[in-house]
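Visitor: Throw the hints in and build the complete structure from the sequences for me.
Chains A and B, in that order, give the protein sequences.
To convert, take the position in the first sequence, counting from 1, and add 1146; that gives our numbering.
To convert, take the position in the second sequence, counting from 1, and add 469; that gives our numbering.
Some clues are possibly wrong.
[Claimed, not checked] Computed beta-carbon distance windows for the label pairs:
no., chain 1, residue 1, chain 2, residue 2, range
1, B, CYS766, A, GLN1289, 43 to 49 Å
2, B, VAL753, A, ALA1327, 35 to 41 Å
3, B, LEU536, A, ASP1326, 39 to 45 Å
4, B, ALA768, A, ASP1326, 43 to 49 Å
None of these hints come from the bench; they were simulated from the model.
As the structure is a prediction and not an experimental result, all values here were calculated from the model.
Positions of the beta carbon are idealized from the N, C-alpha and C atoms, including for glycine.
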Amino acid sequence: MNMHCLLPIRDLHPGYVTLSGIQKKFGAIDAVHNVDLNIARGEFFSLLGPSGCGKTTTLRLLAGLEDLDGGEIKIDGQTVALAGKNVPPEKRGVGIVFQDYALFPHLSVFANVAFGLYGMGKADIKLRVEQMLDLVGLQSSAQKYPHELSGGQRQRVALARTLAPCPSVVLLDEPFSNLDAELRDALRQETKEILRASGSTVILVTHDQEEALSLSDRVGVMNAGRLEQVGTPYDIYHQPATRFVANFVGKADFFPAVLQEGLVVAAIGSFAVEQQLAGVREIDLMVRPDDVVLAPENEGTGTIVAVKFLGGDAIYQVMLSDQTTLHSQRMSANLLPVGTQVEVKINLPHVVYFPR
Amino acid sequence: MVVSPNPNQSKRPSRLLPLVLYVTIALVVLPVVIVASSLLTPSTVVWRHLAQTILPMLLGNTALLLLGVSAGTLVIGTGLAWLITAFDFPGRRQFRWMLVLPMAIPAYVMGFIYMALFDFAGPFHTFVRSTWGQDAYFPQIRSGWGAILVMTLTLYPYVYLLAKAGFEEQAGSNFEAAKALGSSKLRAFFTIALPLARPSIAAGVALAAMESLADFATVRYFNFPTVADGILRVWHGMMDLGAASELAGLLALFSLFLLLIEHRNRGRMKYYQSRGKLPGIPVVRLGGWTAALATLCCALTLFAAFGLPLLQLLVWAVRELAILTPAVMATYWRLAVNSLTLASLAGGLVVLLALIVASLSRLSGRRTLQNLSRLVTIGYAIPGAVIAVGILLPLAFLDHSLNIMTSELWGFAPGLLFTGSLVGLMYAYIVRFMAIAYSSVDASMEKITPNTVLAARALGANARRVLFDVQLPLIMPGVLAGAVLVFVDVMKELPITVMMRPMGYDTLAVWVWQMAAESLWTSTALPALIIVLVGLVPIKILLEASSAGDKKHIG
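Guide: Structure, rendered in structure tokens:
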């Protein structure tokens, strides 16, 4: 066993983990439908989506906890899953951290971490376990039992146990959802640092967009068994590929518009786009609340009908003269009261639209 | 054999597993069905005779016993539980667990001790007569009231334990809200605490009532024959299986009624449990004479239900030891060996079957099969005499047909292979005690979440390592506890053993009952003492389990 797998290996060349056209059905339900994915060594990748979208099934297919119905999964060039030919989980070298951590309740922290090191020499095991407990900051708890630990500590033990045998890929199944909000934030950063330090290739499954956007190098958004978009957190937010992604990640308003000769024309304004398509097309223009600027103006076209105060920011719901509403997120220092007449200005750094 | 939630395996279709399950479940349920169906068949002559003579009395006595024991255990068990939960007084911490101790003394042991102490020739009666003259009033212990008193004293711990859990699991905020709205503490108890704990209390009372229904030995000492006693009398006196089975069917009706009550309330208990980390009902510190009264209540109950009988047993035991001859010693030794043999055999067998049923039903992954498996636990509600009759009927038929067949074919008869051996006895123990082992094993399997096994496999463990390093260590405590509980219950068991043991195969319990029936008190002492001491073991397990639960609450 490689004792030096803690050295960061982050070549980021794509194709370390590849999923080609993978399929999984449960009865008549397409849990995972034709998903293609390419993940680089050392990458932190997140699968984001609502519950039931197939993200956890994808994770379980990767780990070998479910059998593939179609397609192929390769890790480091080796085929680990093909329909009808699945390498069992214990032979894959894939590490997984479960939502409930699944620590062995009858084993001490030390024995839990040592579980995956079966077959190594005693001295080597001791060295490796200590190394791992060092990494997660639990050196003093080696002899404790899982029930004596706090939620955060349990999670770190689960992480250490998973990392100990140097897995080729670390899978995280909603690992932060059992923790309270305060602890969650701290643990996310801590976990990311531990995983970075270990140079692991990580695939995280989550329904929490903030978690996915803040932790990952790249995010894949899933819906109804399909992969809707893969991209950097920046792209996912600012250049959503589908209406679903636009709605699921962040808040968005849509306005009917037409696209003609490199220009999007809507009631709220016209915006230049690069596409030069012949003819006129009906589209929906996406506007994020942070793209909408409000200025108090007695003759303004909009009226503030509701204000949601968030602390540093406030979200205004504005009704326009044509009875459509839109949202605007502004700093709250100069809070505008409900009823204020405003002039609405749209500032689109990225013009995003979807065919109607 | 052990749980494997790995989807790769559970998908493999297997018809054998459900079959094994179905057969086991059918075998366990069969005796109950046979007895119940005998109610539908036409009555025999003996049965008609019974109906005209003693049946009305048996039914009346049974109903009276049920009512009396239910009321007695309800008042004593709930009262003590409330005292321990809501008040602080000298000795509270010790009484909290010691009040469970009377469970260790079977009713048929407590019964004859009370007979010896309070009957006409006993020390109390003699004392009253010598002090106030021959005509002084002294309540007659040899009566229904005596039987109710004795059974209440040994059975109240069921209600005490469940009521205590019902009170301790309540969030104190309800109770305090009632007081803030102007209720007195007493009114808050009756309007808030008691109704909230009612499902637990009802379940406890139903359990106590089931036990009193199953008893035949105690009621016989007190000359208060009930239906259970009637079954044994008909069986031993008239050897009429048909009439015995009809009586048993009648008794089964009583117990199914209790089972229904218990089951309904068990289901409801879920809603009231788990106040989590919220504070419980506030504890009031008693002082002065109220504290003394509380301590006295606990101490008196404990003395009457545990101290006094134990003391009397010790006195007899010392007397017996002084005159112990090698021959008697040898008899005791033989009895002890018989008891141990039966108890260990049954403990191992029942747990093994429980393990098979629990793991197979889990492995199947089918809800219906898992619910069906719960049927194997029905025996705890069915009196031993009923189970014995339900098994004797088919086994006697089997023996009979087997002998006829072999003598026609080969000209020899093998004798009573099933009813004359340990086979029938073990079968009956399995039916009666499966529930204890099953719930223990099942609870330990519950601890193995599917992810635990998957985590082990993702860490590179093969199936063998998963079994030996993860699954077996996790379920071992539950398996052992289940075996010990069955072992102890078989040691104490009376009706099944009396009715189904091979000729001359006496056990400690049978001996105690027979000697007590002859009023040979000192001869009962040593065997009875062993039974009581062994009976303390499950109480220790119980207390450890509940204190582990307490710790979880703090953590």
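Visitor: Give a verdict on every hint.
Guide: Hints versus structure:
1. B:CYS766 x A:GLN1289: 43 to 49 Å: Check passed, 45 Å falls within 43 to 49 Å.
2. B:VAL753 x A:ALA1327: 35 to 41 Å: holds (38 Å)
3. B:LEU536 x A:ASP1326: 39 to 45 Å: violated (52 Å)
4. B:ALA768 x A:ASP1326: 43 to 49 Å: The hint (43 to 49 Å, Cβ to Cβ) holds, given that ALA768 (chain B) and ASP1326 (chain A) are roughly 47 Å apart.
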